[in-house]
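2 protein chains.
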Amino acid sequence: MADIKAEYLACPIRQVVSRFGDKWSLLVLFLLNRSDTGVLRFNEIRRFMTDCSQKMLSQTLKNLEQSHLVHREVYPEVPPRVEYSLTDTGKSLMPVLTALIDWGKEHFDEVVTD
Amino acid sequence: MADIKAEYLACPIRQVVSRFGDKWSLLVLFLLNRSDTGVLRFNEIRRFMTDCSQKMLSQTLKNLEQSHLVHREVYPEVPPRVEYSLTDTGKSLMPVLTALIDWGKEHFDEVVTD
DNA sequence: TAATTCGGTAACTATTGGGTACCTTTGCGC
DNA sequence: GCGCAAAGGTACCCAATAGTTACCGAATTA
Numbered sequence: 001m002a003d004i005k006a007e008y009l010a011c012p013i014r015q016v017v018s019r020f021g022d023k024w025s026l027l028v029l030f031l032l033n034r035s036d037t038g039v040l041r042f043n044e045i046r047r048f049m050t051d052c053s054q055k056m057l058s059q060t061l062k063n064l065e066q067s068h069l070v071h072r073e074v075y076p077e078v079p080p081r082v083e084y085s086l087t088d089t090g091k092s093l094m095p096v097l098t099a100l101i102d103w104g105k106e107h108f109d110e111v112v113t114d
Numbered sequence: 001m002a003d004i005k006a007e008y009l010a011c012p013i014r015q016v017v018s019r020f021g022d023k024w025s026l027l028v029l030f031l032l033n034r035s036d037t038g039v040l041r042f043n044e045i046r047r048f049m050t051d052c053s054q055k056m057l058s059q060t061l062k063n064l065e066q067s068h069l070v071h072r073e074v075y076p077e078v079p080p081r082v083e084y085s086l087t088d089t090g091k092s093l094m095p096v097l098t099a100l101i102d103w104g105k106e107h108f109d110e111v112v113t114d
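Just so you know, the sequences run in chain order D and L.
Mapping the first sequence onto this note's numbering, position 30 (from 1) lands on 30, and the numbers just tick up by one.
Mapping the second sequence onto this note's numbering, position 57 (from 1) lands on 57, and the numbers just tick up by one.
Read the hints as simulated data drawn from the structure, not as lab findings.
Quick reminder that beta carbons are idealized off the backbone N, C-alpha and C, glycines included.
Be aware that one or more of the hints could be misleading.
[What the hints assert, rightly or not] From the structure, some residues in chain D lie toward chain L, with a derived Cβ separation under 8 Å: (1) PRO12; (2) GLN15; (3) VAL16; (4) VAL17; (5) LEU26; (6) SER67; (7) VAL78; (8) VAL82; (9) THR89; (10) MET94; (11) PHE108.
With these hints in hand, go ahead and build the complete structure from the sequences.
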């Protein structure tokens, strides 16, 4: 059982999940992954996620950029254009995320009861 | 792109992740999965998770029980004994969770920079 | 002249996360 | 008898976070 303690302390899951386990991050990653071009503009994402306020989306994207999961490219035009895409790290997360989504689809009724 | 919208709306990830994506749930699942007997008592878990207060652990376990990921067995003794274990649904989540932990170990340095 | 687009930020409020203290019943040491 | 510890929680309170609304800038459109 002492081994579990060591394993527990070394487990990265908390630090890692705290980077994208919030209310909106996973949905952004999902959308960027599904996009034809692999690129989405701020207001394109916003049109999909209509229940997410502008501020929360902005905050979410900033976090994902700081975690190096999403790349932010600014074009100095007027009106401004900002394009978001997955980084290589972000792309490497997608198979795991897809597996989680599949699990969710299969077990939704067992887990979400109310 | 209209397809993405439909896919997005049907995506269960938010409801599902909200059930165990919080600060402590994944660690509890991790510990229950690693336990020799598959069963842990309240204060056994607490001794592993020393940075989680009694109240938060209690709340976390209650949520996991309501989501049918964890089974709670009460023995009417004095002092009381309460044993926690993974349900079948909870067990079915573990491979996905393990994949996530492995991803975290591999990409920790890229994602957690500060 | 007024309205709209685009990607935000500032100021505020509502909701949640989390800590401390306390409860219950029983057995143990003295 | 007297006080204390153990078990698994809950009540009360405060701080941190989630989220809403209003607003910004310059430029095109109506």
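The hints, checked one at a time:
Given the 8 Å rule on beta carbons, the hint for PRO12 of chain D holds: about 4 Å separates it from the nearest Cβ of chain L. The beta carbon of GLN15 of chain D comes within 5 Å of a beta carbon in chain L, closer than 8 Å, and the hint placing it at the interface holds. Given the 8 Å rule on beta carbons, the hint for VAL16 of chain D holds: about 4 Å separates it from the nearest Cβ of chain L. Of the supplied interface hints, the one on VAL17 of chain D holds, with its beta-carbon coming within about 6 Å of a beta-carbon of chain L, less than 8 Å.
Residue-level restraint check for LEU26 of chain D holds (minimum Cβ-Cβ distance to chain L is 5 Å; threshold 8 Å). A hinted interface residue such as SER67 of chain D counts as satisfied when its beta carbon comes closer than 8 Å to some beta carbon of chain L; here the least separation is about 5 Å, so the hint holds. For VAL78 of chain D, the interface hint is violated, the least distance from its beta-carbon to any beta-carbon of chain L being 26 Å, above 8 Å. The interface hint given for VAL82 of chain D is broken, as the beta carbon of that residue sits about 19 Å from the closest beta carbon of chain L, more than 8 Å.
With a cut of 8 Å, the hint placing THR89 of chain D at the interface with chain L holds, because the nearest CB-to-CB distance is about 5 Å. The interface hint given for MET94 of chain D is violated, since its Cβ lies 10 Å from the closest Cβ of chain L, which is over the 8 Å cut-off. Taken as an interface hint, PHE108 of chain D checks out: its beta carbon lies about 5 Å from the nearest beta carbon of chain L, inside 8 Å.
In summary, the numbered hints that this structure violates are 7, 8, 10.
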